[in-house]
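Q: Heads up: the protein sequence lines correspond to chains A and B, in order. Numbering of the first sequence is given in numbering that gives the first Met the number 0, commencing with residue 0 and proceeding in unit increments. Numbering of the second sequence is given in numbering that gives the first Met the number 0, commencing with residue 0 and proceeding in unit increments.
If you're looking for bench data, these hints aren't it; they were derived computationally from the structure. A quick note: this is a predicted structure, and the numbers were derived from the prediction, not measured. Check the hints yourself; a few may be wrong.
What the hints assert, rightly or not - Here are a few chain A residues that face chain B, going by a calculated C-beta distance under 10 Å:
| hint | residue |
| --- | --- |
| 1 | 93 |
| 2 | 270 |
| 3 | 340 |
| 4 | 352 |
| 5 | 354 |
| 6 | 369 |
| 7 | 374 |
| 8 | 483 |
| 9 | 490 |
What the hints assert, rightly or not - Covered by chain B, according to a simulated footprint, are these stretches of chain A (three or more residues, beta-carbon under 8 Å):
| hint | segment |
| --- | --- |
| 10 | 301 to 314 |
| 11 | 324 to 338 |
| 12 | 359 to 367 |
| 13 | 395 to 408 |
| 14 | 461 to 472 |
Claimed, not checked - In silico negatives: residues of chain B with every beta carbon more than 12 Å from chain A:
| hint | residue |
| --- | --- |
| 15 | 120 |
| 16 | 124 |
| 17 | 126 |
| 18 | 143 |
| 19 | 144 |
| 20 | 155 |
| 21 | 197 |
| 22 | 226 |
| 23 | 229 |
| 24 | 233 |
| 25 | 236 |
| 26 | 241 |
| 27 | 249 |
| 28 | 263 |
| 29 | 267 |
Just so you know, even glycine gets a beta-carbon here, dropped at the ideal spot from N, CA and C.
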Amino acid sequence: MFGKLTISAFVHDPITNVAILGTIIIGIVGIILLIRFKKLSWLWKNWLTSLDPKKIGVMYIAIATFMLLRGLADVLLIRTQQALSSGASHGIINADTFQQVFSAHGTMMIFFVAMGFLFGILNLIVPPQIGSRDVAFPFLNSVSFWLFAGGALLVNLSLAVGEFSAAGWLAYPPLSELSYSPGVGVDYWIWSLQIAGVGSLLSGINFLVTIIKLRAPGMTPMKMPIFIWSVLGSMSLVVFAFPILTATLSMLALDRTLGMHFFTAEAGGNAMMYVNLIWAWGHPEVYILILPAFGIFSEIVSVFSGKRLFGYKSMVWALGAITFLSFTVWLHHFFTMGAGADVNSFFGIMTMIIAIPTGVKIFNWLFTMYRGRVRLTTPMLWFLGFVVTFTLGGVAGVLMSVPAIDYQVHNSLFLVAHFHTMIIGGVLFGIFAGFTYWFPKFTGFTLNERIGRWAFWVWLFGFLLAFIPLYILGLMGATRRLDHYDASLGWQGLFIVAGIGATLICIGVALQILQVIVSIVQRKQHLVLDGDPWNGRTLEWSTVSPPPSYTFAVIPIVTDRDDFWVSKHQSIPDQVPRHYRAIAVPKNTSAGIVIAGFATLIGFAVIWQIIWLIPVALLGLIISCIIRLSHDAEEEIISAVDVERQELTARRQRDLV
Amino acid sequence: MKIFIIAIPLLVVGGLLAYALQGAHFAILDPKGIIADKERGLLIFTTLLSLVVVVPVFVMLFVIVWRYRATNTKAIYSPEWDGSRFFETLWWGIPCLIILVLAIVTWTSSHQLDPTRSLTSTHPPLKIQVVALQWKWLFLYPDQQVASVNTVEFPINTPIEFDITADAPMNSFWIPSLGGQIYAMPGMTTKLHLMADTSGTYAGSSANLSGTGFSGMRFSAIATSASDYANWLIRAHSSSQVLTSSSYTALAVPSADVAVRLYRLGEPTLYDTIVMKYMMPSTATSSTDTKAVNSDMDMDTNMNMNMPGM
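Here chain B stands alone, though its shape is the one from the complex:
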């Protein structure tokens, strides 16, 4: 009888989950790029390593509670026994060893998978600049002289160097199928290196709350063959819209659920202008003196933030 009390709810939990999971896609566990693949490997390794402690804990928990339940008067009862050097050394020691292993893995993986680290490939890298706006993503291709909104396209097996900033509240740039996220912050650049190894359209999202239009601020990351990518560039080049400082100002006005747009990039240094805007004495805040701005720049440089134009 008691078995049913526990088994039935467990079956209900399992059944509901199984039903809800029909056709589910685990973006993080189904990587389409080298970074996401390595990150998944780490996730699985760390989980298994943790199980070395977790499984014994669960087994011991249920065995001990059952064996030493109050009604089982046959079990040994030693109310004054309050310590054992042997056991305590054991459970200070074993976790220490596990954490030592994990610490080494953490150190090497943090360096190996450092988002600022360039990826190697036979193909030359592609530079894409990303600007988080209210509430859309702007992608600038300074070398190809094109730009796009809420869609980013690139060839597979090509290292992509993302330079990321925001002209809006802080955000986070994330393409789960290709690899981890990095914050997008106004007035500074963060870097992210990703590479896709399979063609496809992958969901990209804003992971950090940025205001009312936040939920609709999604983009598609399209990894294609070199020829499809070339075609896409031609389409963008033939776009009637040109992105310059003035059309950018119009684009930066807050708007939600924005459709995909392609631009010709009129000003190759537009990205630098957007980043440096926050570094200049603002016209809106007359009280600013240049000294404060300078010291701020020093601080950012110290934090290894890449500051274009410096």
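Chain A with its partners taken away, still in its complex shape:
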């Protein structure tokens, strides 16, 4: 009846039980509060069923924040284990749990934290920055989001029902094959990524089309804000890379559930093929994450230096070069697999070539500040922290691109330190900078600067303390993913320091959460009535903050790269349109939730091999798609009178400033 799902799937060790109980209690308290304050229908109508990219963006960020906290809880477990488990002591968790924890940590941080924040920011910023009211396919956007949420749900469910993969975040076979991982852990990994991955692919297509088709009149490619260029590069990578992930995961799933032999050790399978395929997706994935971060930093440096971005054309070419090159370097993740010297040197050289356009970007940012008026606000602090950490991490990257050096540091903690420097110092710092910068755009008030600065400094020092020891440990020959090591190796002190660093990072995150809460409480003191707190340059700042549901009452006409900046400086009087037009916005729908719900159910059924549930859920998925696609009236009209009323209110508020 329930396939492999038996009562034993619910039995766990004490630490896991506490985590599960905590999650359940928080969930119940949340629901009770919603019912108590009669907010349940508000949540459903205003948020969950909304097709407004501004709402969807916020929901992405909410889930990413939750997953960040879960990922951090895993970090604390990993660091505690490694700080204690030396010599006679075996730490607090056993090897299997430890391996599940770091596998979950990597999976969640990349797929649900970095990707979640990324798509959140894209949803919020891309449409207004290109002068559009919406993305190209609003309903598809909702489906993407709910598929992402479904994947996140499955990862979290694995904590309470069954187990998670213990095969690392990329689940190399044959370890991840049925013969070595007979449990459901790897299946959870496969299906949560499969479902979230399809969501990412659909989002990629959506934003690509949005940027190509929905730019405001006058915004020629070379007048697009650099952030939009970075998203264009990133989304092209999504469109080309994510199908590889889907195919690879499908083959692994076929191996595991139908006894096929794509990647098994025996019967003609070849694990090396998997390693190639997963990195043919995995390397572009890194650039999918980092390119938009580059874009965010470009916007921020320009705005807070009060100066045009230096070398715009260079920047565009550099982005293009990185986008292209990111598909030609995947083999550097496994120089040690034994390909010949010719192959290894080719991929090594392609890898170090990426350092050139990346370096160009850094010099252009420096020269954007040169002869500017640099305001050292929190977003700029994150930027400066990024330049320092990213450059050092980049040096480590160039080192490892030389195959003969890579042989000595591959799979060591040096490698772990390198990619954390890039993903945290690059992607996450970019996300934090962007979050602080654009927060007032969507709330109407700025974040508390004082707590923001504290959060930054605690974060930065925590970061140094957490990762410098790992670089050193790598040079001492310490490999990654160890749940126990010999006391004679002399590693424990450094692991303890790294643990202190990780704790500081957690305090930094706590300060960031405090910052948001305090800012909401004190919002009256930080209101941005004119909607333009930073003296912005691009179109998103030309509407009121927070923007109305339709974003732009009148679609702007673009004449310059820094259109809003130019229009402010030419002091063109605010042109009040003579009459407003009615605006069509997409109607709310629960179809996205239903479709993604069935997709998640299929995943769950396959994981536990509940055979009857698979066709039932599949049928539900198909039928709900057909029902949705047969709808005609998918839009609702905001009348011209309504638009005028909202616009006049906003204008009056702005004039009060």
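Model the placement of chain B on the given structure of chain A, informed by the hints.
A: Okay, now just chain B, sitting in the frame of chain A:
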């Protein structure tokens, strides 16, 4: 005051690290063999070359931010200045030159330090076959007719030819003091050539996750004088345990934190049997047809994998 806000945490970071580093041993920076030595040389060269870019970036970063801070109204402010062909050529050009140098170094070093490349020495090379198991390392000396678990001993200044495979999930064979690692994969052989120039016992590890016993899967690589090595061979020869296909099957059963063992090697072709096991139609998977197996062999041959018995 502001200086202290930055200086104190920096001192804390430095102090903690200094304390933690007491008696630390940097295996990669303290090579005991020719390969590790050259790899260290490359590491240092590349780091210094990178500093040519990194140092100016850091200096410029702090100078520019300080000079053009918003409160410094005396500094020049040119809000519309958005490009300079000269500067942009400079920072496309200089990194290109650096990478050109590094590319040449990469090409030559990748060939020179290719793990499959034999080392030259006045001493004849020693062949050692390595099998990664769950979760222990098995070393076979086909010419000396001995075998060992979790310890490998060899004379110094002798080129060692490691043939590496796995009869378990993929792993990575790594002796940091002697040189870089290479993957151990079931059904195929990878090669690694190393040579020690100083006697000593060096830590060897599994660098790739291979299941629950992974952390305890460590071995000692002991480089000794020729006479000590000869004594070790005699000890192994006099071992009561003989390694044959059947005792190997017992050894291959998953076990963690395994103590050192010495064997007489009963079957000199045992290694080939272990590799070829995955190439044969498996009894456990009846659906396999020989055609699939053959095409797989072709593919591995194309990838320059040395396949014994072919």
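Q: Each hint needs a verdict: does it hold in this structure or not?
A: Structure-based check of all given hints:
Below 10 Å, beta-carbon pairs count as interface contacts, and residue 93/A has one with chain B at about 8 Å; its hint therefore holds. Satisfaction of the interface hint for residue 270/A is found here, the shortest Cβ-Cβ separation to chain B being roughly 6 Å, below the 10 Å cut-off. Interface restraint check: residue 340/A against chain B, minimum CB-CB distance 4 Å, threshold 10 Å, status holds. Because the closest C-beta pair between residue 352/A and chain B is about 6 Å apart, less than 10 Å, the hint holds.
Restraint check, residue 354/A versus chain B: the minimum CB separation of about 6 Å is within 10 Å; hint holds. With 10 Å as the threshold, the beta carbon of residue 369/A comes within range of chain B, its nearest partner Cβ sitting at about 5 Å, so the hint holds. Interface restraint check: residue 374/A against chain B, minimum CB-CB distance 5 Å, threshold 10 Å, status holds. For the restraint placing residue 483/A at the interface with chain B, the shortest Cβ-Cβ distance is roughly 5 Å, inside the 10 Å limit, so the hint holds.
Among the interface hints, the one on residue 490/A holds; its C-beta lies about 8 Å from the nearest C-beta in chain B, closer than the 10 Å criterion. Evaluation of the coverage hint for the segment 301 to 314 of chain A: fulfilled, as 10 residues show C-beta separations to chain B shorter than 8 Å, against a requirement of three. Counting residues of the segment 324 to 338 of chain A whose C-beta sits closer than 8 Å to any C-beta of chain B gives 5, which meets the bar of three, so the coverage hint holds. Given as covered by chain B, the segment 359 to 367 of chain A passes the check, having 6 residues with a CB less than 8 Å from a CB of that chain where 3 are the minimum.
Coverage of the segment 395 to 408 of chain A by chain B holds. Counting CB-CB distances below 8 Å, 11 residues qualify, and the rule asks for three or more. Coverage of the segment 461 to 472 of chain A by chain B holds in this model, with 5 residues showing a Cβ closer than 8 Å to a Cβ of that chain against a need of three. Non-interface status of residue 120/B relative to chain A is upheld: no Cβ of that chain comes within 12 Å, the nearest being about 20 Å off. Distance check for residue 124/B against chain A: the nearest CB is about 19 Å away, which clears 12 Å, and the non-interface claim stands.
No Cβ of chain A comes within 12 Å of the Cβ of residue 126/B; the nearest lies about 18 Å off, and the non-interface call holds. Once the 12 Å rule is applied to beta carbons, residue 143/B is consistent with being away from chain A; the minimum gap is 26 Å. No beta-carbon of chain A comes within 12 Å of the beta-carbon of residue 144/B; the shortest separation is about 28 Å. Against the 12 Å criterion, residue 155/B stays outside the reach of chain A, whose nearest CB is about 20 Å from its own CB.
Listed as outside the interface, residue 197/B is consistent with that label: its C-beta sits roughly 16 Å from the nearest C-beta of chain A, beyond the 12 Å cut-off. Every Cβ of chain A is farther than 12 Å from the Cβ of residue 226/B; the closest lies at roughly 27 Å, confirming the non-interface assignment. With a least CB separation of 28 Å from chain A, residue 229/B remains clear of the 12 Å interface cut-off, as annotated. For residue 233/B, the condition that its CB be more than 12 Å from all CB atoms of chain A holds, with the nearest at approximately 28 Å.
Separation of residue 236/B from chain A is adequate, the least Cβ-Cβ distance of about 30 Å exceeding the 12 Å criterion. With a closest Cβ-Cβ approach of about 27 Å to chain A, residue 241/B is found to remain outside the 12 Å limit, as its non-interface label requires. Separation of residue 249/B from chain A is adequate, the least Cβ-Cβ distance of about 19 Å exceeding the 12 Å criterion. The non-interface label for residue 263/B is consistent with chain A: the shortest C-beta to C-beta separation is roughly 29 Å, beyond 12 Å.
For residue 267/B, the non-interface assignment is confirmed: its Cβ lies about 24 Å from the closest Cβ of chain A, beyond the 12 Å cut-off.
Consistency with the previously given hints is maintained throughout, with no hint failing.
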